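Asks: Chain order of the listed sequences is A and B. The opening position of the first sequence corresponds to residue 1 in the working numbering, with each subsequent residue numbered one higher. The opening position of the second sequence corresponds to residue 1 in the working numbering, with each subsequent residue numbered one higher.
Please note: incorrect hints may appear among the correct ones.
Said to hold, decoys possible - Below 30 angstroms or equal to it, Euclidean Cα-Cα: the simulated DSSO-like pairs (lysine-lysine) are:
| no. | chain 1 | residue 1 | chain 2 | residue 2 |
| --- | --- | --- | --- | --- |
| 1 | A | LYS3 | B | LYS18 |
| 2 | B | LYS57 | B | LYS17 |
| 3 | A | LYS52 | A | LYS99 |
| 4 | B | LYS18 | A | LYS54 |
| 5 | A | LYS3 | A | LYS69 |
| 6 | A | LYS99 | A | LYS111 |
| 7 | A | LYS99 | A | LYS69 |
| 8 | A | LYS3 | B | LYS17 |
| 9 | B | LYS18 | A | LYS69 |
| 10 | A | LYS99 | A | LYS54 |
| 11 | A | LYS111 | B | LYS18 |
| 12 | B | LYS18 | B | LYS31 |
| 13 | A | LYS69 | B | LYS57 |
| 14 | A | LYS3 | A | LYS52 |
| 15 | B | LYS31 | B | LYS17 |
| 16 | A | LYS3 | A | LYS99 |
| 17 | B | LYS17 | A | LYS52 |
| 18 | B | LYS57 | B | LYS31 |
| 19 | A | LYS52 | A | LYS69 |
| 20 | B | LYS17 | A | LYS69 |
| 21 | B | LYS57 | A | LYS54 |
I should point out that these hints are in silico values taken from the structure, not numbers from a laboratory. None of these values were measured; they are calculated from a predicted model.
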Amino acid sequence: LAKTTQPISMDSYEGQEVNITCSHNNIATNDYITWYQQFPSQGPRFIIQGYKTKVTNEVASLFIPADRKSSTLSLPRVSLSDTAVYYCLVAPPYNQGGKLIFGQGTELSVKP
Amino acid sequence: EADIYQTPRYLVIGTGKKITLECSQTMGHDKMYWYQQDPGMELHLIHYSYGVNSTEKGDLSSESTVSRIRTEHFPLTLESARPSHTSQYLCASLGQGNSPLHFGNGTRLTVT
Chain A
1 LAKTTQPISM DSYEGQEVNI TCSHNNIATN DYITWYQQFP SQGPRFIIQG
51 YKTKVTNEVA SLFIPADRKS STLSLPRVSL SDTAVYYCLV APPYNQGGKL
101 IFGQGTELSV KP
Chain B
1 EADIYQTPRY LVIGTGKKIT LECSQTMGHD KMYWYQQDPG MELHLIHYSY
51 GVNSTEKGDL SSESTVSRIR TEHFPLTLES ARPSHTSQYL CASLGQGNSP
101 LHFGNGTRLT VT
């Protein structure tokens, strides 16, 4: 199982771009990388998922270098409502089973 | 939006009581998971299931037990609640393909 390491916390201001990097040095060949956002007293919710290179959706971008040993979640122009904990999860494809183990997460604080 | 439901949302109970936390999903997902999360801390996997009659222990030792008699239902039981069981319990399910985990909103348990 790939162990993930993220910064414990980050601070930002409204309107800035925020980049959160996750290290996963022992990622397996078929593992996918998924990022989740969690607000207090709620379950995590999906943000974005990728395997390699770059993925973009309406809320974020995910950058994965060629060696796949890290990934960076990019949040453009954050607002106060983006204050939350962000987790990266590295996991095998569905048919390969395996436990889904989360790392510590990054607590993002967006200030006005 | 995924349909995964947890009840109760909040529970305050005395030491020694038996409790069951309910988790149901209507998506027909085979894989389901229970995580335990203390305030401000990471998610810890305590149980998971790959389908009916399949249950496995997660990475964090837990005195709770689970059952999976029906695909849609994955209840967690504590035979004798203790104050050390005070925590948030999050249930999740996983669909086939590369779909992400879908989480419920959790049950916040307080044992007095």
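Asks: Of the numbered hints stated previously, which ones are contradicted by the structure, given in increasing order?
Replies: Hint check: 1, 4, 6, 8, 9, 11, 17, 20, 21 fail, others pass.
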